[in-house]
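*Asks:* Sequence:
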Amino acid sequence: WLGKRYGIRHIRISPYNSQANGIVERRHFDVREAAMKMCGGNESKWSSVMDAVFWAERVTIQKSTGMSPYKIVHGVEPTLPFDLAEATYLGEEVDGMVSHEELIGAL
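Using full-length UniProt numbering, you'd call the opening residue of the sequence shown number 1 and step up by one each time.
Just so you know, the hints here were simulated from the structure itself, not pulled from any lab data. The structure presented is a predicted model; accordingly, all values stated were derived computationally and were not measured. One or more of the hints may lead you astray.
[Unchecked claim] Between beta-carbon pairs, the in silico distance windows are: (1) W46 x H100: 45 to 55 Å; (2) L107 x K63: 43 to 53 Å; (3) K4 x S47: 26 to 36 Å; (4) W46 x S99: 49 to 59 Å; (5) V59 x I23: 18 to 28 Å.
By construction, the Cβ of each residue, glycine as well, lies at the ideal position given by its N, Cα and C atoms.
Construct the entire structure; sequences and hints are all you get.
*Replies:* Here you go:
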């Protein structure tokens, strides 16, 4: 019912024929490869690395759209840890302590 509600066209593909759905299968391949690298080839550790793998997938800019999936969904780029560290250097330097009265007077 979601397809009808949001105007999403559902396309059926042949089962066991991954070439028929190459675009999606390519993304699955990339996710699988990233997971294998992060857990050193030990598939039993997948559950511990998949959050990071999917996050990386969501914030990586895609060549086909020129945007990350995160930006497509939310309309803004994600805030990454290094963005927070950089933002602390962009604030004005405080010269000294300011009293409550001075703060209120500055309004």
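*Asks:* Confirm or reject each hint.
*Replies:* Checked hints:
no. : hint                   : in the structure
1   : W46 x H100: 45 to 55 Å : holds (54 Å)
2   : L107 x K63: 43 to 53 Å : holds (49 Å)
3   : K4 x S47: 26 to 36 Å   : holds (35 Å)
4   : W46 x S99: 49 to 59 Å  : holds (56 Å)
5   : V59 x I23: 18 to 28 Å  : holds (20 Å)
Comparing the model with each numbered hint stated earlier shows that all of them hold.
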